[in-house]
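Protein chains: 2
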Amino acid sequence: MSLPAVKALTFDVFGTVVDWRTSIARELRAALEPAGHEFDWLQLADEWRGGYQPALEQVRSGARPWVTLDVLHHENLVELLAKHDIAELSESEIEELSHAWWRLDPWPDAVEGLSRLKQRFIIATLSNGNIALMVNLAKHGALPWDAILGAEISHSYKEQPITYLGSAEALGLRPDECAMVAAHNDDLVAAGALGFRTMYVNRPAEHGPGQTTDIRALHDFDIAATSLTDLARQLEC
Amino acid sequence: MSLPAVKALTFDVFGTVVDWRTSIARELRAALEPAGHEFDWLQLADEWRGGYQPALEQVRSGARPWVTLDVLHHENLVELLAKHDIAELSESEIEELSHAWWRLDPWPDAVEGLSRLKQRFIIATLSNGNIALMVNLAKHGALPWDAILGAEISHSYKEQPITYLGSAEALGLRPDECAMVAAHNDDLVAAGALGFRTMYVNRPAEHGPGQTTDIRALHDFDIAATSLTDLARQLEC
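Residue numbers (our numbering), protein chains in the order written: chain A, 3 to 239; chain H, 3 to 239.
One or more hints might be untrue.
Which copy is meant is left open, so a pair is good if it fits within one copy or across any two.
The calculated lysine to aspartate or glutamate pairs, modelled on DMTMM-like cross-linking and capped at a C-alpha distance of 20 Å, are [said to hold, decoys possible]:
| id | residue 1 | residue 2 |
| --- | --- | --- |
| 1 | Lys85 | Glu114 |
| 2 | Lys9 | Glu97 |
| 3 | Lys9 | Glu179 |
| 4 | Lys9 | Glu98 |
| 5 | Lys9 | Asp232 |
| 6 | Lys120 | Asp72 |
| 7 | Lys9 | Glu77 |
| 8 | Lys120 | Glu49 |
| 9 | Lys9 | Glu59 |
| 10 | Lys120 | Asp188 |
| 11 | Lys141 | Asp232 |
| 12 | Lys141 | Glu114 |
| 13 | Lys9 | Asp42 |
| 14 | Lys141 | Glu171 |
| 15 | Lys85 | Glu49 |
| 16 | Lys85 | Asp222 |
| 17 | Lys9 | Asp72 |
| 18 | Lys141 | Glu93 |
| 19 | Lys120 | Asp48 |
| 20 | Lys141 | Glu81 |
| 21 | Lys141 | Glu97 |
Note that these hints are calculated values from the structure, not bench results.
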């Protein structure tokens with residue numbers, strides 16, 4: 003597949019590049035099991051993530067001013083702990099646990115795929131994660147980004163148009179010189195409507211074995227790939 | 003030298019990491035000599051750079067709204083060409099030549115020094131260069147930044163305090179968890195006054211053999227180094 007105008011690939015990160023679910027389950031377990039708590043840790047991870055879209059919607063709707071995803075993750079963790087009557091964590095322990103989102107492991111194909119794609123394209127995050135979160139995630143997983151863009155650049159959250167357009171503008175590129183790479187149909191539809199090229203990466207186990215959404219490309223995207231190394235292969239990187 | 007609180011090194015780029023002067027002279031010559039122009043190319047590079055601080059000052063003073071350094075470089079090039087009665091370049095050729103600032107070569111020690119420092123620290127740009135400029139510069143010279151910060155993050159220009167503080171905040175760090183690395187005394191004094199640690203790198207030939215300013219550290223910085231590899235050595239990287 004040749005898309006000669008494309009100069010930059012902009013990436014969704016949670017689910018597309020990193021496996022947040024098993025990593026968060028591991029982090030929750032490491033923090034809570036020593037104190038005697040027993041949970042279905044994957045389900046607890048899903049509960050924490052469950053607060054994500056409602057929190058973003060508060061910002062997208064204008065009901066509250068822009069705050070970083072680190073702040074929202076922290077708030078949602080405090081709620082999660084309260085709901086399950088977990089009261090013994092200190093403030094600094096809660097802060098440390100809220101940074102579990104800085105320690106998500108990449109999918110096995112991610113580092114090789116990104117490294118190959120980086121040889122031919124600018125590769126940048128276009129995630130709802132803030133800069134500190136994305137930088138620490140990159141350090142944890144050796145993700146070789148050229149730039150950290152996305153939500154914090156424009157103080158907005160996907161799928162608000164300005165989140166995509168602000169990242170393209172920061173790169174000095176037109177939308178059609180950028181390709182959005184994501185495992186989520188909605189993300190690609192939103193980017194595509196603004197003129198971005200669209201590249202779907204299938205992650206049918208992001209939400210576990212029973213996943214029912216985003217198990218395949220539902221639209222005619224420019225590319226549909228099974229992994230980031232498969233994407234690199236299709237782009238001849 | 004051990005500075006245990008420091009988690010991120012933030013870098014001045016023009017002069018500290020890349021050799022803008024000989025690179026710009028080369029680019030000007032490549033663009034203008036084929037049409038029969040003859041110049042002292044290094045002096046012409048100095049003239050172009052001479053418009054830099056006055057243009058920034060227009061923004062810093064509030065006389066004009068924030069615009070990117072790419073825009074200011076372009077405007078200053080148009081003035082430079084007019085001053086020397088160079089009229090035959092097309093708009094797209096002027097645009098291409100204005101991007102000479104995307105093609106500056108790193109000092110010989112820069113890539114090795116940054117790569118070693120990156121093993122232990124977050125390394126980020128804290129330059130007046132905008133994101134597109136810094137990303138393209140990194141691609142040109144294989145500079146392994148973890149993040150592109152600086153002027154465009156806060157829509158301000160050094161040495162305005164918000165340029166430094168906005169970059170530290172984007173990393174989720176206090177100023178004293180960041181160290182400014184620069185070849186310019188003023189840059190380090192400004193960062194130090196805000197609580198940053200300060201690391202001087204000597205570049206006595208940035209402005210050529212007759213350089214009279216910034217030929218040595220004039221203040222008691224945390225570190226004074228002769229190169230980025232020397233800085234890595236002093237930080238035990």
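Do the hints match the structure? See the list:
no. : hint            : verdict
1   : Lys85 / Glu114  : neither (40 Å within a copy, 50 Å between copies)
2   : Lys9 / Glu97    : between (38 Å within a copy, 18 Å between copies)
3   : Lys9 / Glu179   : within (5 Å within a copy, 35 Å between copies)
4   : Lys9 / Glu98    : between (37 Å within a copy, 16 Å between copies)
5   : Lys9 / Asp232   : within (19 Å within a copy, 35 Å between copies)
6   : Lys120 / Asp72  : neither (27 Å within a copy, 23 Å between copies)
7   : Lys9 / Glu77    : neither (37 Å within a copy, 25 Å between copies)
8   : Lys120 / Glu49  : neither (35 Å within a copy, 35 Å between copies)
9   : Lys9 / Glu59    : neither (31 Å within a copy, 33 Å between copies)
10  : Lys120 / Asp188 : neither (25 Å within a copy, 36 Å between copies)
11  : Lys141 / Asp232 : neither (24 Å within a copy, 23 Å between copies)
12  : Lys141 / Glu114 : both (15 Å within a copy, 18 Å between copies)
13  : Lys9 / Asp42    : neither (43 Å within a copy, 35 Å between copies)
14  : Lys141 / Glu171 : between (26 Å within a copy, 18 Å between copies)
15  : Lys85 / Glu49   : within (11 Å within a copy, 65 Å between copies)
16  : Lys85 / Asp222  : neither (42 Å within a copy, 53 Å between copies)
17  : Lys9 / Asp72    : between (30 Å within a copy, 18 Å between copies)
18  : Lys141 / Glu93  : neither (25 Å within a copy, 42 Å between copies)
19  : Lys120 / Asp48  : neither (32 Å within a copy, 34 Å between copies)
20  : Lys141 / Glu81  : neither (28 Å within a copy, 43 Å between copies)
21  : Lys141 / Glu97  : within (19 Å within a copy, 36 Å between copies)
In terms of the numbered hints stated before, the structure departs from hints 1, 6, 7, 8, 9, 10, 11, 13, 16, 18, 19, 20, listed from lowest to highest.
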